[in-house]
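Participant: Respectively, the protein sequence lines represent chains A and B.
Numbers in my numbering are just positions in the first sequence, counted from 1, shifted up by 372.
Numbers in my numbering are just positions in the second sequence, counted from 1, shifted up by 372.
None of these hints come from the bench; they were simulated from the model.
Any given hint might turn out to be false.
Which copy is meant is left open, so a pair is good if it fits within one copy or across any two.
Derived DSS-like pairs: lysine-lysine, alpha-carbon spacing no greater than 25 Å straight-line [as the list claims (entries may be wrong)]:
no.	residue 1	residue 2
1	Lys408	Lys461
2	Lys394	Lys478
3	Lys565	Lys478
Chain residues, written in single-letter form:
There are 2 protein chains.
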Amino acid sequence: MSQHIASIYDRDLEGVQARIMKMGGLVEQAIQDSSKALETRDEELAEKVRQSDIAIDELEEMIHEETARIIALRAPTAGDLRVVLSIMKISSNLERIGDYAKNMAKRTSVLLQMTQITGAHSALRRMAREVESMLQDSLDAFIQRDPVLAQDVINRDRDVDQMYNALFREFLTFMMEDPRNITACMHLHFMAKNTERMGDHVTSIAEQVIYLVTGDTPDEERLKGDKTSVDPSIAPPAPSHGGK
Amino acid sequence: MSQHIASIYDRDLEGVQARIMKMGGLVEQAIQDSSKALETRDEELAEKVRQSDIAIDELEEMIHEETARIIALRAPTAGDLRVVLSIMKISSNLERIGDYAKNMAKRTSVLLQMTQITGAHSALRRMAREVESMLQDSLDAFIQRDPVLAQDVINRDRDVDQMYNALFREFLTFMMEDPRNITACMHLHFMAKNTERMGDHVTSIAEQVIYLVTGDTPDEERLKGDKTSVDPSIAPPAPSHGGK
Numbered sequence: 373m374s375q376h377i378a379s380i381y382d383r384d385l386e387g388v389q390a391r392i393m394k395m396g397g398l399v400e401q402a403i404q405d406s407s408k409a410l411e412t413r414d415e416e417l418a419e420k421v422r423q424s425d426i427a428i429d430e431l432e433e434m435i436h437e438e439t440a441r442i443i444a445l446r447a448p449t450a451g452d453l454r455v456v457l458s459i460m461k462i463s464s465n466l467e468r469i470g471d472y473a474k475n476m477a478k479r480t481s482v483l484l485q486m487t488q489i490t491g492a493h494s495a496l497r498r499m500a501r502e503v504e505s506m507l508q509d510s511l512d513a514f515i516q517r518d519p520v521l522a523q524d525v526i527n528r529d530r531d532v533d534q535m536y537n538a539l540f541r542e543f544l545t546f547m548m549e550d551p552r553n554i555t556a557c558m559h560l561h562f563m564a565k566n567t568e569r570m571g572d573h574v575t576s577i578a579e580q581v582i583y584l585v586t587g588d589t590p591d592e593e594r595l596k597g598d599k600t601s602v603d604p605s606i607a608p609p610a611p612s613h614g615g616k
Numbered sequence: 373m374s375q376h377i378a379s380i381y382d383r384d385l386e387g388v389q390a391r392i393m394k395m396g397g398l399v400e401q402a403i404q405d406s407s408k409a410l411e412t413r414d415e416e417l418a419e420k421v422r423q424s425d426i427a428i429d430e431l432e433e434m435i436h437e438e439t440a441r442i443i444a445l446r447a448p449t450a451g452d453l454r455v456v457l458s459i460m461k462i463s464s465n466l467e468r469i470g471d472y473a474k475n476m477a478k479r480t481s482v483l484l485q486m487t488q489i490t491g492a493h494s495a496l497r498r499m500a501r502e503v504e505s506m507l508q509d510s511l512d513a514f515i516q517r518d519p520v521l522a523q524d525v526i527n528r529d530r531d532v533d534q535m536y537n538a539l540f541r542e543f544l545t546f547m548m549e550d551p552r553n554i555t556a557c558m559h560l561h562f563m564a565k566n567t568e569r570m571g572d573h574v575t576s577i578a579e580q581v582i583y584l585v586t587g588d589t590p591d592e593e594r595l596k597g598d599k600t601s602v603d604p605s606i607a608p609p610a611p612s613h614g615g616k
């Protein structure tokens, strides 16, 4: 690339990276707000999350168009192309996380009309906080091209999976104890699973960073932490047959 | 593009399109097998689904590399670039659908050890069949660049969402009736939700086709059919407090 074209390319790339960071900021806020809305019973905040998803989707579309334009006009090769394609993938991950936050916010109003499940709301919020901090770090790792920080994010996803497993068991127990808890627990379980999936998408972003810097794809079958699909022991401690 | 470069480009594109169709075939099979394994209590078939996900993931990686190589070497512009980027997106969707099928297969062995929920397995299989046929049509629509067929797929996703809503209500009722059903219903509900999400990814593929042909992105907020997040009436008919 000539000096001149290279500098236009750099400017384009900086522009689209700035947009990714803006999108990341909105998604972080959405994760935080969606779990806070549930814990503080704040329907207005839930509505704010639903609204912000529109802006997130628009940013993804813009980033997609800009990266396509960069590829078409600048024809970046090898390393440069890898950066552009990573940005495209990261924006898809961010969009999905935003969708999960929106789905959680949609459920909030329904849940607020039901039996309260003690402790579940704050447990969900702790889980969401961990995912949010992982997202922050994965985007920092991207900007700084820091594979060590990215690997740290990947490792922390196991904690999120463990929090999810604990909540799953808890919900089963609550439902067994009193069938009146069933509907609320089904909705809460959705939210827990959504949060766990957000963690998976954050992990994908961190994996992109590692691929970008080292050229290696981390092994996909990293110790997956959601044990509920394979562990038959995940059933409540004592099936109290007749409800409460 | 010169005649010579154009024909190399066409050959490259045909190669990667052929790979997408191969990947699509494997994913269709995985959808079918994962629900069949549950209905026919076939653990070997479930294992086959888990194995085939490895091949699906490898194909996605290959397609990603090939499309990146095409972009880098041929520098396609405008319409051609749109095709290449669509292929990249479609392969991501297929990979996610394959993941959902694998997750369902993982749950099969656990479920086979639990109380049978009458009718649920065949209802799930009907849902999976509809998603599989939608996937077939969306890939046909892609190859034939047929936006009418693609729109038809998008419309049919509403049926899948309705099947999911019906199952969700059914699971709630089963759990209320007898707490011994709770654990099995939680797992079955996962599978129903996974199938519904597969439908969403198939819809994304169909939307890609429409974008590719017409340049328009169909409105994302198409009448979403999963009503369980917003409809407070989705609770079982009569909470029979004390279990059965």
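Participant: Please flag the earlier hints that this structure goes against, numbers listed from lowest up.
Facilitator: 1
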